Each structure stands twice: as C-alpha cells, then as structure tokens.
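> If you want the building blocks of each chain, they are given just below.
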Amino acid sequence: MFSKETEDKFKHLVSLYPRKRSALIPMLLLAQKEDGYIKPAAIDYVARYLDLNPSEVDSIMSFYTLLRRRPVGKYHIMICTNLSCLLRGSDEIEACVKRELGVNLGEVTADGLFSAIEFECLASCTTAPVIQINGEFYENLDVRKTEEILDELRKRR
Amino acid sequence: MPYELVLFKNIVDPRVKEIDRYIELGGYKAAEKVVKEITPKDVIETTKATGLRGRGGAGFPTGLKWSFVPKDTGKPIYLCCNADESEPGTCKDRVIIERDPHQLIEGIIIAAYAVDCHLAFIYLRGEFSLGYRVLDKALQEARARGFLGGRIFGSGHDLDIVLHSGAGAYICGEETGLIESLEGKRGHPRQKPPFPAVQGLYGCPTVVNNVETLANLPHIFNRGVDWFKSIGSNEKNTGPKLYCVSGHVNKPAVVERELGVPLMELINEVCGGVRDGNKLKGVIPGGSSVPILRPEECDVRMDFDSLAAKGTLLGSCGVMVMDETACMVRLALRTARFYAEETCGQCTQCREGTWWMEQVLHRIEHGYGKADDLRMILDMCANMKGVTICVLSDACAMPVEAMINKYREEFEYHITQKRCMVPAHAHA
Numbered sequence: 001m002f003s004k005e006t007e008d009k010f011k012h013l014v015s016l017y018p019r020k021r022s023a024l025i026p027m028l029l030l031a032q033k034e035d036g037y038i039k040p041a042a043i044d045y046v047a048r049y050l051d052l053n054p055s056e057v058d059s060i061m062s063f064y065t066l067l068r069r070r071p072v073g074k075y076h077i078m079i080c081t082n083l084s085c086l087l088r089g090s091d092e093i094e095a096c097v098k099r100e101l102g103v104n105l106g107e108v109t110a111d112g113l114f115s116a117i118e119f120e121c122l123a124s125c126t127t128a129p130v131i132q133i134n135g136e137f138y139e140n141l142d143v144r145k146t147e148e149i150l151d152e153l154r155k156r157r
Numbered sequence: 158m159p160y161e162l163v164l165f166k167n168i169v170d171p172r173v174k175e176i177d178r179y180i181e182l183g184g185y186k187a188a189e190k191v192v193k194e195i196t197p198k199d200v201i202e203t204t205k206a207t208g209l210r211g212r213g214g215a216g217f218p219t220g221l222k223w224s225f226v227p228k229d230t231g232k233p234i235y236l237c238c239n240a241d242e243s244e245p246g247t248c249k250d251r252v253i254i255e256r257d258p259h260q261l262i263e264g265i266i267i268a269a270y271a272v273d274c275h276l277a278f279i280y281l282r283g284e285f286s287l288g289y290r291v292l293d294k295a296l297q298e299a300r301a302r303g304f305l306g307g308r309i310f311g312s313g314h315d316l317d318i319v320l321h322s323g324a325g326a327y328i329c330g331e332e333t334g335l336i337e338s339l340e341g342k343r344g345h346p347r348q349k350p351p352f353p354a355v356q357g358l359y360g361c362p363t364v365v366n367n368v369e370t371l372a373n374l375p376h377i378f379n380r381g382v383d384w385f386k387s388i389g390s391n392e393k394n395t396g397p398k399l400y401c402v403s404g405h406v407n408k409p410a411v412v413e414r415e416l417g418v419p420l421m422e423l424i425n426e427v428c429g430g431v432r433d434g435n436k437l438k439g440v441i442p443g444g445s446s447v448p449i450l451r452p453e454e455c456d457v458r459m460d461f462d463s464l465a466a467k468g469t470l471l472g473s474c475g476v477m478v479m480d481e482t483a484c485m486v487r488l489a490l491r492t493a494r495f496y497a498e499e500t501c502g503q504c505t506q507c508r509e510g511t512w513w514m515e516q517v518l519h520r521i522e523h524g525y526g527k528a529d530d531l532r533m534i535l536d537m538c539a540n541m542k543g544v545t546i547c548v549l550s551d552a553c554a555m556p557v558e559a560m561i562n563k564y565r566e567e568f569e570y571h572i573t574q575k576r577c578m579v580p581a582h583a584h585a
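From first to last, the protein sequence lines are chains Y and C. Mapping of the first sequence onto the numbering used here: position 26 corresponds to residue 26, and the numbering continues sequentially without gaps. Mapping of the second sequence onto the numbering used here: position 107 corresponds to residue 264, and the numbering continues sequentially without gaps.
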C-alpha cells in the first residue's frame, strides 16, 4: 500500500507511544505525504494497523484541517487571513493569488500545479501578511512579492 | 539600564541550533546540575519560589502545577510540552522552536525530572514544518550526547522525548484537548476535574507546560531565584517575557522584555510607534481571545494582574495594534469567524453561539444589520461565558463583547448607514 520508507516510519511511530493509537494522526500525515491526500484505502489500512474502525478514523480525520480527502495542487497555498494578517493587507494577497491562479479558493488549477485555501492564524503575525506553500513560510508579503513567488514556482514546475 | 536578554540571548546566533554551539554558550549545565545534584522536590520548591507563571495564556504558577502530581499512584507520569501555538496574534514559541531548540529541550529535561516523568511529548503544531525538522535534529543530537535516553547525564534518571505533530486544530492547544489529540482522538476538551495532573494522558498523571514556560527553567537553575524575581513588575509577575507585537506598528516584532513592561513603551520605543504616524485606535494585548483596550486604557503594564485590573488579559502576549484605519466591525467579524471555525462542537452554547455570532456580524458588516442586532449579540455573549467545558466559548464572547461595548458607535453606524464609518473602508 505504501512505500518501504513510509512503512518503516509507520513501524517506528507505533513503537514510540505507550498506546499505539497515539500514532494515528502522525500516520495519517505520512500517508498524505506519500499520496498527496488521504485515500479511502489509506483510512482502511491505518485503521487496521491500529485496530480501529475505519469510520472512527474517518471521523477523527474530519476534525483536523491539515488532513485532506481530495488532491491539491503540486503547490498548495495556505493564505492566512486572521487579524494580524488582515491588518497588514491579507485581502490584497488573497485577491492576488486568486487572480494569478484563475481559480477560486479550494479549487485546483487545470494543470494541477496550484491550489489555494484561506487559513487560520499561521503564527507568523509579526511578519504579516504571510502564506505557506507546501508547509514553508513566505513572510512580509505584498502583491508584487506574491506574484514573483508564484512566477518562480511556475518556472520550476 | 537596558534590558538584558535571557530567552532571546542567543537567538540571533544561527549556530545555536547546533548542540555544540549551545553547549559552548553554557547550555545543558543547568539540566546536568539539576538531575545530578538537586532533588525533584527542591526543583519544584525552587520553581515555586521564583513565582514563574505559565506563559501559554492562563498564567497558572508552574511550580504549583507540578506539585499537584501525585507520586504514589504506581502509574507513569507524563509531561507534554504544548507547542501548538495557534492563538491569533501569537508567534513567540515558534521563534524558540526554530532558532534555539536546545533551550526548550533543556527546559523539558528539568521539568520532567521535577515531576518524575520518563517519557515526555512535544505536541508541535502541524503547520510548523521547519520547527519539526529543527526539533527532530536537536532531539537526535541530545540523545547522541546521552542527555536523553537511559541514565541521562550519567544520573539515575531515564528520559526520552517524543516529537508529535498535530494536524491543524486550534482547540488542541487547550491542555485536555491536547491530551485527547495525543491519544489519537478528536481534540475534544475534557470536563475538569479531574485535572490532568491527576488524570491526564492515558489516564495517568500529566503535566502540560508551554514552550516559553519551559525555556525559562535552564536560566532559573543557572542564575537562581533572586535573579529571576529581580525581573518583572512585582512578586506575582516575575521573569522575562516574550511579546509578539503585530498589526499597525512601524516595526512589528517578537521581542523580549521583563514581565510588566509598559504597553506604550513596547509600542513606541521597541516597535517604532503606530505606523506612518497614524492615530492609535486600540490594542488587543493578549491574543484574539482577550478584550481590546481603547487608547486611553493603554497606559498599563503588560503583566497578568495589571491587565486583569483593566478588564482584559495578558493571555499569550499577542499584542495586536490597530490604527485609525481599522474597522472594528470587520475585526469583530473575523474574530467570531475564527472561533466558529475552531469550536470543537461539544457544547451547544459554543457550537451555536460562535456560528450565530458570525452570521449576525456578517450581516452588519455587509449592510444588512438590524436595529436589534447589537442587543442580540451581547445577549449571546452573556450566555456563552462560563457555561462550557473549555473556555473557547468565552474566548469568542469576551473580545466581541468588548469591541461592541467600546466602539459601539461604529457598529451602529454600520447598521443605520449600511456602510463603514472608517474612510479606508467606506466602500464596505
């Protein structure tokens, strides 16, 4: 189901905790890292691994915003719009990302390269406005800097 | 005298992440001394004597929290470092995690020894990818040195630390939500009592401490109680403190000063004043969960008791500054939306209250507000405080209530004129 590397990490994770169920969320994150999102088969697999009911894993998964049921773009953009970012112009960043991608938040571009969502406070308030792309921070943004970042990623593909 | 940095002393040194450099600068001396020469009881007593209060938001005395852990249950005792930093406006723990991870690990070693814990967890916010890599490497380095593992520092104490990633849920920063999440469940806060000190992770005695709280410990055991107490505004508010100053200031920054630094000094002298010489409109002093201060209330020290006396809270020290261009209705709406998004949904008052509050504020912001709306929101606020399992419900009601009460004319203008009274937002 998963690569040898991920399987090894699963085994290691489960060994870390006094009760193996504690490995659930880290395991789902690893599954997502490998597949880009969490497939129904991965839910079944992880549930079996930890002696849980798949529906319970499904329910737990729905509680955590980083765990996804659908594919996202190769570059997944999370735009912080909470207070500190709002005060420093996250409206413009959000509008810029939408314009550049040509899709609404929550959608994936036709070439599969980008997707973007609005996100709650990313704990980077003193370098607002900020976004994260694939988990890495891009701070002190303005519209021009945002356009440059997206251009750069397009070139890299 | 200029303030002498403690927690951030080495933060600009790019090499302090590496264990060799950290040790070269005096690191791990305190932890070694503690586990080899001091009894756990004395570690607790010393920490109590410093007056150190939790830096996560609640301000509960750290030593006292540790002293509630029963020693005779025969069950293992766990320590969880709360690194799930997600209170809007707060970004201080991230700086320690990414730039000086050994300071945190050393603090965890001291705390774990004090409560007789042999397995500790760092519950790290899932969004902190860099932080995860930095901490993971630092933990490996500490293990390789024998500072973690069996018989640490050659003492009789065993300790390992597991780095655990969360997956995006604000409520997992609440200590019992964190514990549930660490058990592999939805992060639903638990009814208290029993408190985690008695019945926490896996039903065992558990201490949950914030990153910044733990980072204070090496310094306390290097420099002593009197030194620690010499910093701060009074006996009940001691030690160094990190402040995250964001929003409409010229130089937003995470800065360290004594607990109790005057708020206006922080804004004007440390962060370059309100941006572009604009007029100050208000300050949220402790993260989005706390009531806002009007400019005339800002002559206050940033400590637990001085802010409580002003009807607000020090919280997580997320200081958000607003100038005259900020629209209070928009901010109230954004605040309510956050809590509506993050409520775990267990308690009706919170699940329904946050959602309705967002709906009503949304219509006011967009020009569809009704004459009775403010009374209705304030009534909701009154019914959301002190009635739920955890304080997320209060954390939504308190700031929204304060924004309406302190800037009421703006909300009324939105309702009657169907637009914003702040020029920059006049199109709204």
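None of these hints come from the bench; they were simulated from the model. Small disclaimer: the values here were computed from a predicted structure and weren't measured. All C-beta atoms, glycine included, are put in the ideal place defined by N, C-alpha and C. Careful, some of the hints might be misleading.
Unchecked claim - Under the rule of at most 30 Å between Cα atoms (straight-line distance), these lysine-lysine pairs were calculated in the DSSO-like manner:
(1) C:Lys575 with Y:Lys20
(2) C:Lys342 with Y:Lys33
(3) C:Lys349 with Y:Lys11
(4) C:Lys186 with Y:Lys20
To be verified - Derived, one-sided and incomplete: chain C residues facing chain Y with beta-carbon distance under 7 Å:
(5) Glu340
(6) Gly341
(7) Gly404
> If a hint holds in the structure, say so; if it does not, say that too.
Against the structure, the hints:
1. With a CA separation close to 56 Å, the supplied pair Lys575 (chain C) and Lys20 (chain Y) exceeds the 30 Å bound.
2. A C-alpha spacing of about 20 Å is found between Lys342 (chain C) and Lys33 (chain Y), which places the hinted pair at or below 30 Å, so the restraint holds.
3. Only pairs whose Cα atoms come within 30 Å are accepted, and Lys349 (chain C) paired with Lys11 (chain Y) is rejected, the gap being roughly 35 Å.
4. A distance of roughly 35 Å separates the Cα atoms of Lys186 (chain C) and Lys20 (chain Y); the hinted pair therefore is violated under the 30 Å criterion.
5. For the restraint placing Glu340 (chain C) at the interface with chain Y, the shortest Cβ-Cβ distance is roughly 6 Å, inside the 7 Å limit, so the hint holds.
6. With a cut of 7 Å, the hint placing Gly341 (chain C) at the interface with chain Y holds, because the nearest CB-to-CB distance is about 4 Å.
7. Taken as an interface hint, Gly404 (chain C) checks out: its beta carbon lies about 4 Å from the nearest beta carbon of chain Y, inside 7 Å.
Comparing the model with each numbered hint stated earlier shows that hints 1, 3 and 4 do not hold.
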